[in-house]
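Asks: Protein chains in written order, with numbering that gives the first Met the number 0: chain Y, 0 to 401; chain B, 0 to 196.
Note that these hints are calculated values from the structure, not bench results.
In this text, all values refer to a predicted model and were calculated from it rather than measured experimentally.
Just so it is clear, CB atoms sit at the ideal spot from N, CA and C, and this is done for glycine as well.
Check the hints yourself; a few may be wrong.
[To be verified] Here are the simulated EDC-like cross-link-like pairs (lysine to aspartate or glutamate), alpha carbons at most 20 Å apart as the crow flies:
(1) B:Lys-32 x Y:Asp-163
(2) B:Lys-112 x B:Asp-140
(3) B:Lys-180 x B:Asp-113
(4) B:Lys-59 x B:Glu-81
(5) B:Lys-139 x Y:Asp-365
(6) B:Lys-163 x Y:Glu-115
(7) B:Lys-163 x Y:Asp-305
(8) B:Lys-38 x Y:Asp-163
(9) B:Lys-39 x B:Asp-50
(10) B:Lys-180 x B:Glu-76
(11) B:Lys-98 x Y:Asp-163
(12) B:Lys-163 x B:Asp-181
(13) B:Lys-180 x B:Asp-50
(14) B:Lys-162 x Y:Asp-365
(15) Y:Lys-19 x Y:Glu-8
(16) B:Lys-98 x B:Glu-86
(17) B:Lys-139 x B:Glu-86
(18) B:Lys-112 x B:Glu-81
(19) B:Lys-59 x B:Asp-181
(20) Y:Lys-328 x Y:Glu-115
(21) B:Lys-39 x Y:Asp-305
(22) B:Lys-131 x B:Asp-181
(23) B:Lys-112 x B:Asp-181
(24) B:Lys-189 x B:Asp-91
(25) B:Lys-162 x B:Glu-86
(26) B:Lys-162 x B:Asp-140
(27) B:Lys-162 x Y:Glu-115
[To be verified] Here are a few chain Y residues that face chain B, going by a calculated C-beta distance under 7 Å:
(28) Ser-153
(29) Asp-172
(30) Val-174
(31) Thr-283
(32) Ile-287
(33) Lys-306
(34) Val-310
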Amino acid sequence: MSKLGNWLEQRFPVASFLSKNLKEYYVHSSVNFWYAMGAIAFVMLAVQVISGIFLLMYYVPTTEQAFSSIQYMMREVSYGWLIRYLHVVGASFFFIAIYLHMFRALLYGSYKNPREFLWMSGVVIYILMIAIAYTGYVLPWGQMSYWATRVIVSFLTVVPYVGDGLAQWLQGDFVVSSVTLSRFFAFHIVAFPLVIFLFIGIHIVALHVVGSNNPEGVTVNAHKKPAKNLRKKVIPFYPYVISKDLFVVFVALALFLGVVFYAPTFYGFFLEHINQIPANPMVTPSHIHPVWYLSPFYAILRAVPDKLLGVIFMFLSLVILFFLPWLDKSPVKSMRYKGRLSKGSLCVFILSVIMLGYYGMVPATDTHLFWTRIFTVLYFGHFVLMPIYTRIETCKQPPELN
Amino acid sequence: MVVKSKSRRQFLKFIVSSLSVVGALFAFWPFVKSMQPGKKAQSASTPITVDIKGLLPNQKIAVTWQGMPIYIIRRSENQIAELEKIESQLRDPDSLYSKQPEKSNNDYRSINKDVFVVVAICTHLGCSPTYKPEQASVDKDWAGGFFCACHGSKFDLAGRVYKKVPAPTNLMVPPYYFPNKDTIVIGADKAGDERYV
Numbered sequence: 000m001s002k003l004g005n006w007l008e009q010r011f012p013v014a015s016f017l018s019k020n021l022k023e024y025y026v027h028s029s030v031n032f033w034y035a036m037g038a039i040a041f042v043m044l045a046v047q048v049i050s051g052i053f054l055l056m057y058y059v060p061t062t063e064q065a066f067s068s069i070q071y072m073m074r075e076v077s078y079g080w081l082i083r084y085l086h087v088v089g090a091s092f093f094f095i096a097i098y099l100h101m102f103r104a105l106l107y108g109s110y111k112n113p114r115e116f117l118w119m120s121g122v123v124i125y126i127l128m129i130a131i132a133y134t135g136y137v138l139p140w141g142q143m144s145y146w147a148t149r150v151i152v153s154f155l156t157v158v159p160y161v162g163d164g165l166a167q168w169l170q171g172d173f174v175v176s177s178v179t180l181s182r183f184f185a186f187h188i189v190a191f192p193l194v195i196f197l198f199i200g201i202h203i204v205a206l207h208v209v210g211s212n213n214p215e216g217v218t219v220n221a222h223k224k225p226a227k228n229l230r231k232k233v234i235p236f237y238p239y240v241i242s243k244d245l246f247v248v249f250v251a252l253a254l255f256l257g258v259v260f261y262a263p264t265f266y267g268f269f270l271e272h273i274n275q276i277p278a279n280p281m282v283t284p285s286h287i288h289p290v291w292y293l294s295p296f297y298a299i300l301r302a303v304p305d306k307l308l309g310v311i312f313m314f315l316s317l318v319i320l321f322f323l324p325w326l327d328k329s330p331v332k333s334m335r336y337k338g339r340l341s342k343g344s345l346c347v348f349i350l351s352v353i354m355l356g357y358y359g360m361v362p363a364t365d366t367h368l369f370w371t372r373i374f375t376v377l378y379f380g381h382f383v384l385m386p387i388y389t390r391i392e393t394c395k396q397p398p399e400l401n
Numbered sequence: 000m001v002v003k004s005k006s007r008r009q010f011l012k013f014i015v016s017s018l019s020v021v022g023a024l025f026a027f028w029p030f031v032k033s034m035q036p037g038k039k040a041q042s043a044s045t046p047i048t049v050d051i052k053g054l055l056p057n058q059k060i061a062v063t064w065q066g067m068p069i070y071i072i073r074r075s076e077n078q079i080a081e082l083e084k085i086e087s088q089l090r091d092p093d094s095l096y097s098k099q100p101e102k103s104n105n106d107y108r109s110i111n112k113d114v115f116v117v118v119a120i121c122t123h124l125g126c127s128p129t130y131k132p133e134q135a136s137v138d139k140d141w142a143g144g145f146f147c148a149c150h151g152s153k154f155d156l157a158g159r160v161y162k163k164v165p166a167p168t169n170l171m172v173p174p175y176y177f178p179n180k181d182t183i184v185i186g187a188d189k190a191g192d193e194r195y196v
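The following block holds chain B by itself, in its conformation from the complex:
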């Protein structure tokens, strides 16, 4: 086809090239979308039930939910009292910039004061922090908490991050509820809440 006018040639060039770009982007979309978590990954987020009858203070139960390590710990009376005292050393003591379900959005970051459930993935670069409940077990001022050996991030026994460490926010608290006193369901806010993604 012979196009005589120069501006018509320009217009044709513009239309063809811009539509090619749009077309290429559309063609790319299914491939991009295919890389998102599939059904199998989503089904791993079905809630899990854990028996916590024998869990004593200073003990930890580690379970997996959504493939993530979850720690369940029990805090003693002293440790609960300690949480308030160290608030000045924390970066986000009120968990304003951190992730937790509504029910755990309180001073203890938990539904019950004693039982604390946390996703054991450091908010810095994804290592698993170690549970160090004993006083002075990391350094001499250590009040008990979680310590990430990868880059030295420190969290208290409510998963709240200390100042002057690389982690930016508190450890994440997963959704959970207690169907009865000795059982905990992780992955849902209440019974019947099938999927929480």
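So that you can see chain Y by itself, here it is in the shape it has in the complex:
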């Protein structure tokens, strides 16, 4: 080590810290493509932070200028369109990466003992992402921004007795107004990001304590150099895993930039057409729906015919994720070794999330409501019945590390 490196190492041991967490962090070699989703999410977070800083230089958070300042950026600022589309498409890609990341956890039982805390910190990050996405969605002050805010702030009015006061407190006015816009701006760019950074730190620290899971569900000591006969099965994160992660990240970035350049609104899925109309508090658009990544929850809200219960079930659909580590009673981690019931239930669950996502975006006709209710029951059924079907099914014997 150089003299300068030595000097720094004694005062701020960054080199040994990195070495300990990258070169001497061991993972089972069965980790596959699904294990790169966290890396993609991390890169998308960086894209959001950087593009967000540059958006801030032109955006004005007032009802008079919010819409026009973004239009100005799109049309007059050099590469303003690129910065804005990076941010808009980046939000959707961030959610795609996180949904795949969560699916991986469901698939390989990454939430199970000893990774319960890791999973729960991840759910907190996911909920914070929703909060950031929602407050950010308000900022362009288009029709959908405005009316989605009206609808979501109204969720608070279901709280008995103090609901109306609570909604007025949050929006700082009697209806959603300029006051609401500037405080949501503060939440979006400062408050929530600070908290999400904190929790991402916690998530990564927690990961490095318990080590990465793997598709085989094999227990690996992440901090112990493997014995000679295991060197092909247990590999250090650097350089093996990180190079695979980087490859997947580059593929994801290519897809991401493809969308940014050739289909930035993604046919109205990433940026709704109706949000290109400035907000008008007097006229509700005939059809209000959330962006695709929040659509399943909105479908659950609409499925319940009672206002209070609808909001409760919508929140429950998120809160239930926290209990997952204790609902799964299976002796094995990975879906590869679980029985037919678990496999079937996961398939039905994924189908119901996709279908709820679809029904959350289309108008609430009677037929749509009927199917929304069926898929809502299936969504909750996956979790509620989990203690039963994971107990009664026969699992295959997972391999031991040898």
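With the hints as your guide, set chain B onto chain Y.
Replies: Frame of chain Y, contents of chain B only:
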């Protein structure tokens, strides 16, 4: 400082931690309070005066009060008669669980039978319902009223909510009065009632 007794140490810990919590809560209060509607928002609730001379049946005047959309409509004789007939289809026909000023707390939810004033914010999740006065304009049994396209809530021409829709209560009626036959003041119950928050 050295505290010898174990129970004294426990007591100190308890006092310090509980006072810190109380202190933190007090410190938090100004920030919480700052988020409430300020003076500017409150001043937007000054009453507004609207000329309704030219308002004919089936027509609507939309105005803003407290930033909320307010509809003023005129109901025809037939429509007024219809209000009684549909009561069995309504969730809260007597407006027991709904918000309206004392003067409008009657079968028509209005001071005068014909002129109806309502806050056009759906009691479900805050969308603005559309005024659909024509019969059968929403579905074949539609008797005229307000329809919220967001989640399909239906209200009659007195803003009363139908059964089997997501909205829980009737549309809110704002405070208003008539200084003379052709003028309406929205935001106060009587002249001189400056602020109604």
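Asks: Mind listing which of the numbered hints don't hold for this structure, in increasing order?
Replies: 2, 6, 9, 12, 21, 22, 24, 27, 34
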